[in-house]
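Chains A and B supply the protein sequences, listed in that same order.
The opening residue of the first sequence carries number 286 in the working numbering; numbering runs sequentially from there.
The opening residue of the second sequence carries number 286 in the working numbering; numbering runs sequentially from there.
Treat the hints loosely; a few may be bogus.
Rough simulated footprint, nothing fancy, chain B against chain A, three-plus residues with beta-carbon under 8 Å [claimed, not checked]: (1) 410-424; (2) 505-519; (3) 528-536.
In silico negatives: residues of chain A with every beta carbon more than 12 Å from chain B [unchecked claim]: (4) ASP362; (5) LYS383; (6) LEU388; (7) PRO437; (8) HIS453; (9) HIS471.
List of simulated lysine-lysine pairs, DSSO-like, C-alpha gap at most 27 Å [claimed, not checked]: (10) LYS320(A) - LYS438(B); (11) LYS320(B) - LYS438(B); (12) LYS320(B) - LYS438(A).
If you are wondering where the hints come from, they were derived from the structure by calculation, not from laboratory data.
All C-beta atoms, glycine included, are put in the ideal place defined by N, C-alpha and C.
There are 2 protein chains.
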Amino acid sequence: MNTPVISKSQIKLIRSLHQKKYRDEHGLYLAEGIKIVQELLTAYSDMIYLLVATEAAAKTIQAGILPTHQEWVLISDTELNRISTLTTPPGIMAVVKKPSYPLPETLPTPSLNLVLDGIRDPGNLGTIIRLADWFGMEHLFCSPDTVECFNPKVVQASMGALFRAQMHYTHLPEYLSQLQANQTVHCYGTALDGHNLYDIQLESPALIVMGSEANGLSDMVRSHCQQNLLIPNYGQTVTRSESLNVAIAAGIFCAEFRRQLGK
Amino acid sequence: MNTPVISKSQIKLIRSLHQKKYRDEHGLYLAEGIKIVQELLTAYSDMIYLLVATEAAAKTIQAGILPTHQEWVLISDTELNRISTLTTPPGIMAVVKKPSYPLPETLPTPSLNLVLDGIRDPGNLGTIIRLADWFGMEHLFCSPDTVECFNPKVVQASMGALFRAQMHYTHLPEYLSQLQANQTVHCYGTALDGHNLYDIQLESPALIVMGSEANGLSDMVRSHCQQNLLIPNYGQTVTRSESLNVAIAAGIFCAEFRRQLGK
Chain A
286 MNTPVISKSQ IKLIRSLHQK KYRDEHGLYL AEGIKIVQEL LTAYSDMIYL
336 LVATEAAAKT IQAGILPTHQ EWVLISDTEL NRISTLTTPP GIMAVVKKPS
386 YPLPETLPTP SLNLVLDGIR DPGNLGTIIR LADWFGMEHL FCSPDTVECF
436 NPKVVQASMG ALFRAQMHYT HLPEYLSQLQ ANQTVHCYGT ALDGHNLYDI
486 QLESPALIVM GSEANGLSDM VRSHCQQNLL IPNYGQTVTR SESLNVAIAA
536 GIFCAEFRRQ LGK
Chain B
286 MNTPVISKSQ IKLIRSLHQK KYRDEHGLYL AEGIKIVQEL LTAYSDMIYL
336 LVATEAAAKT IQAGILPTHQ EWVLISDTEL NRISTLTTPP GIMAVVKKPS
386 YPLPETLPTP SLNLVLDGIR DPGNLGTIIR LADWFGMEHL FCSPDTVECF
436 NPKVVQASMG ALFRAQMHYT HLPEYLSQLQ ANQTVHCYGT ALDGHNLYDI
486 QLESPALIVM GSEANGLSDM VRSHCQQNLL IPNYGQTVTR SESLNVAIAA
536 GIFCAEFRRQ LGK
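Please work from the sequences and hints to get the whole structure.
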């Protein structure tokens with residue numbers, strides 16, 4: 286079902302989705318690349334258009350990657366270059382409907398969940414969404430000043446994990462108060478003056494709270510954490526790095542929680 | 286000891302250092318930003334020039350950050366923008382002599398070391414160097430096709446850890462053969478069909494071998510690994526991410542080795 290035309294107004298709409306303002310207005314976002322589109326097709330996300338450039342189309346059809354049941358639009362390489370968010374456009378782009386998940390009133394037991402307080406770097410957020418998917422985290426709760434998860438750089442770095450993630454942007458102190466009123470949850474902060482992660486018996490349902498590298502956790506969010514954890518370092522006598530990248534720290538926390546708590 | 290002039294030939298030299306070819310030719314590289322320059326001043330690296338732009342200089346002197354014992358060159362903001370490798374130049378740049386470390390014939394016992402086989406992304410390499418520093422890894426051995434560690438993006442992402450890292454670029458299979466002939470070392474590969482990391486009793490001196498996300502380990506390097514390890518995932522019935530980012534995986538491996546082997 287090949288529809289070989291794309292209108293000027295569609296191109297205009299797609300180009301507008303490079304900006305958060307218009308992603309919010311239209312409730313749509315962009316995802317590019319064969320790997321990411323394949324992930325999209327197996328996930329629940331609603332695709333609005335699938336655009337494929339001439340050269341990429343020939344290859345993907347030959348490789349049997351492009352699904353025959355999916356309607357797609359063949360566009361010229363020049364057109365795709367104009368609407369791509371990437372410096373080297375991969376030749377295939379989807380326009381996707383933003384999902385929306387209701388904030389859960391309670392968390393499943395057992396479950397692991399992430400709380401992200403002011404994570405500004407899109408690459409870091411995308412990498413965190415990807416590892417959260419690997420470790421089967423249930424929900425990701427983000428402060429309003431965390432970078433938007435539909436930012437093209439986040440979508441790319443998540444490698445398709447975004448399509449399966451339950452992302453929530455909310456006022457964290459308020460939400461954590463409500464949650465703690467409804468249920469006993471274990472809220473673990475992360476801080477350089479915290480307890481050694483490996484000396485603590487971790488419990489579920491858990492919320493692992495990560496702050497930005499520059500500012501750490503905000504005081505309001507920190508006040509909801511029953512315990513602060515630290516990944517121990519192992520320097521010699523020489524000076525060593527002051528901290529870990531926030532996505533690396535999130536990966537180590539999630540791995541240790543899963544090791545201790547099992548499936 | 287403020288020397289307020291910079292010659293045209295110096296500017297030409299510095300601009301040439303944006304390219305690997307000239308970094309190799311001159312044995313020099315660039316490092317930018319106050320945090321990174323501070324790390325440089327406490328490390329062993331040889332600094333050739335320290336260049337500070339007018340506005341940044343006023344601030345750093347006021348904050349007592351710019352060392353008085355260090356000779357530095359005041360340059361105009363326009364000049365610094367011309368020689369910076371960054372889109373938003375932070376106003377301070379160092380020209381640094383590349384260090385060179387002899388390949389060790391044996392590894393200390395106990396020790397943890399990293400082997401990087403074809404890591405192409407500069408951000409990933411920088412992040413790995415930073416976490417290796419945090420976890421007190423002794424040596425980092427890189428294949429010749431791993432991105433050069435003096436690439437400006439690697440320097441930035443390492444957040445100063447590069448100045449303390451013992452980096453070696455070498456033909457890995459040949460070096461691992463020599464090392465294994467001299468000494469019993471424990472060489473752990475990382476692979477999606479490997480043993481669960483948490484079911485294995487890890488031993489030292491250890492080499493943790495990481496391959497690229499796209500290609501994994503090369504066969505020649507893999508043949509030197511006595512055991513392949515996997516970080517277990519925990520998906521539900523839905524499809525989940527196929528893999529972790531290579532820097533995230535390196536972080537989780539290093540943390541678990543340190544947890545098991547202690548200091």
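Hints versus structure:
By the rule of at least three residues with a Cβ nearer than 8 Å to a Cβ of chain B, the coverage given for the stretch 410-424 of chain A holds, with 7 such residues. Coverage of the stretch 505-519 of chain A by chain B holds [criterion: at least 3 residues with CB-CB distance below 8 Å; count 4]. Three residues within the 8 Å Cβ limit are the bar, and the stretch 528-536 of chain A against chain B gives 7, so the coverage statement holds. No beta-carbon of chain B is positioned within 12 Å of the beta-carbon of ASP362(A); the least distance is around 24 Å.
Interface exclusion of LYS383(A) from chain B stands, the closest Cβ pair being 19 Å apart, more than 12 Å. The beta carbon of LEU388(A) sits about 20 Å from the closest Cβ of chain B, which is more than 12 Å, so the claim that it is off the interface holds. Interface exclusion of PRO437(A) from chain B stands, the closest Cβ pair being 17 Å apart, more than 12 Å. Residue-level check passed: HIS453(A) sits 18 Å from the nearest beta carbon of chain B, beyond 12 Å.
For HIS471(A), the condition that its CB be more than 12 Å from all CB atoms of chain B holds, with the nearest at approximately 18 Å. Note on LYS320(A) and LYS438(B): the hinted pairing holds, with a Cα-Cα distance of about 26 Å set against a maximum of 27 Å. Taking the CA atoms of LYS320(B) and LYS438(B), the gap is about 15 Å. The hint holds against a cut of 27 Å. A hinted pair counts as satisfied when its Cα atoms are at most 27 Å apart, and LYS320(B) with LYS438(A) qualifies at roughly 26 Å.
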